[in-house]
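For this one, chain A is given, so just place chain B on it according to the hints.
In order, the protein sequences belong to chains A and B. Per the numbering used here, the very first residue in the first sequence carries number 2; after that it's consecutive. Per the numbering used here, the very first residue in the second sequence carries number 2; after that it's consecutive.
Don't take every hint at face value.
The list cannot tell twin chains apart, which means a pair is met if one copy fits it or any two copies do.
Claimed, not checked - DSS-like, lysine-lysine: derived pairs with alpha carbons at most 30 Å apart:
{"hint": "1", "residue 1": "K312", "residue 2": "K289"}
{"hint": "2", "residue 1": "K110", "residue 2": "K235"}
{"hint": "3", "residue 1": "K109", "residue 2": "K289"}
{"hint": "4", "residue 1": "K109", "residue 2": "K312"}
{"hint": "5", "residue 1": "K289", "residue 2": "K110"}
{"hint": "6", "residue 1": "K312", "residue 2": "K110"}
Keep in mind that the hints were calculated from the coordinates and are not lab data.
Number of protein chains: 2
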Amino acid sequence: MYIPTFEDVLAAHARIEPYIHRTPVLTSSYLNALTGAELFFKCENFQKAGAFKVRGASNAVFGLSAAEAPRGVATHSSGNHALSLSYAAGRRGIPCAVVMPRTAPQAKKDAVRGYGGTITECEPSTTSREFVFAQVQAATGADFVHPYNDPRVIAGQATCSRELMEQVPGLDQVIAPIGGGGMISGTCLTLSNIAPGVAIYAAEPEQADDAARSFRAGHIIADDAPNTVADGLKVPLKDLTWHFVQRHVTDILTASEQEIIDAMRLTWARMKIVIEPSCAVPLATILKNPDVFRGRRVGVIITGGNVDLDKLPWMQG
Amino acid sequence: MYIPTFEDVLAAHARIEPYIHRTPVLTSSYLNALTGAELFFKCENFQKAGAFKVRGASNAVFGLSAAEAPRGVATHSSGNHALSLSYAAGRRGIPCAVVMPRTAPQAKKDAVRGYGGTITECEPSTTSREFVFAQVQAATGADFVHPYNDPRVIAGQATCSRELMEQVPGLDQVIAPIGGGGMISGTCLTLSNIAPGVAIYAAEPEQADDAARSFRAGHIIADDAPNTVADGLKVPLKDLTWHFVQRHVTDILTASEQEIIDAMRLTWARMKIVIEPSCAVPLATILKNPDVFRGRRVGVIITGGNVDLDKLPWMQG
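Bound-form chain A, shown alone:
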């Protein structure tokens, strides 16, 4: 297992800069008054392909050698990683093969194809996905880019908090959602090198709290099919992300489904930005644990904005 270093982060940043946005940091005096903290929202919902995942995906794609590149990249994902990898491969002009469950939303399939990715459908089960993916990889010889348990991906995600530290001086804390742990690992990698005094918090849905339980138990615990509105956060930690989480995270806080939906709606209503349920989890945990954040300067990573505008969670039920 190769552990990425801060030199990898610097190399990644130079490599991907032409293909990503340096996203803005927004503030809200209303949310500051409500929480008693100074919140700085790093808006990766404005990122290319609508999510931070394009950082890691671009680092993997543009790091391929001239000999490797023509065979392209491949992944299995029904979410932002599939979009991001397709976008990055399209920018480099190489093939991108994505294995997606046939039940994935049509909008996501259209977006992958819109960026030039090729979709092979599988049944919505792990067995089918792994079987189909192995076939696709054998047929194409493509480089497998895991959504998070890949040092190139983590080094790419780490560029986000590097920008944040440049944009906002004097942060006390940074908080980001945790699913598989790619963004949090990147945050740990950057901050442990350039700002080791900054506390790192991870935020997780109560209904998919495998990372929080892993953190307390001292070893990876994987949930069996968790269910949460924050659908980007259902996946478990893996060895590489666990390496960073157990060493550098201060605490993992959780929020209920209703608290996540309320925080999402509050962000839309007050900040006028479209964010996914996943990235409302940090604000939900800040509102739930005011003593942890009051009086502090807090970086909050808004991870993405790819949401189904026809199915908003506060309208269901």
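Structure of chain B alone, referenced to chain A:
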């Protein structure tokens, strides 16, 4: 009728700067590719109180003399002007009396009260509104701040395009929605002074196209109770805004209800920002008239983001 000058704009900008945001300008490579133009979105949806109207309201409130101020300000509005005037009066610590129809959305009433405004309800008719407003003004002696037909308000709105011109060099065109004409008049006032070569387009719903018909007729035509999803644009031009529109506007373009809703949804989906139906009208007209905008650098004023998140127009019907 006092016609505000560019000196009034400069004075307004200095006066209101501590109380407003210098809002960011966002771009979208997707929308640029779709339209063939270079679009620069001036995001007043991120403005204090959620709309550009806080510029004019703040200019009126902070321009009151020490003798006038204690009697406060008053207006009739069920929309962003009511919120903005309440916000500005709250910042100065003076009373703000708002006459609102009793049928106005509870969320709007709550927001006005949240900023410290006092609401007097009227029946939803012009007769009742004018009668109740006259009573309120007589009782308080408050200064009447019209939502748009007021030189202080127009000078305040004019600061928006002054910022835009500083933020984006070399614009060919600027487009903004038109209702009563406050924002367009401010845009005319600024551009005719500092960038007279920039073409000014106004965008209006087909179903409330009184400004377009006025423009072609050469005199003000008021609609009788127009109905449109762009509810900020139902009001008619008045003498002061007509002065600017007839002198400086290049053309007034219109879009259908469905085109407005589609453009709104497209903005949410692609730019990840929450915008009101009113400010989707410019993009709708750009998409409808590609030859007017293709190859040009176009400033698009996003006027506000105060929308009912429980009633999104693409979900009704």
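**OP:** Could you check the structure against the hints above and give me the numbers of any it violates, in ascending order?
**Re:** The structure breaks none of the hints.
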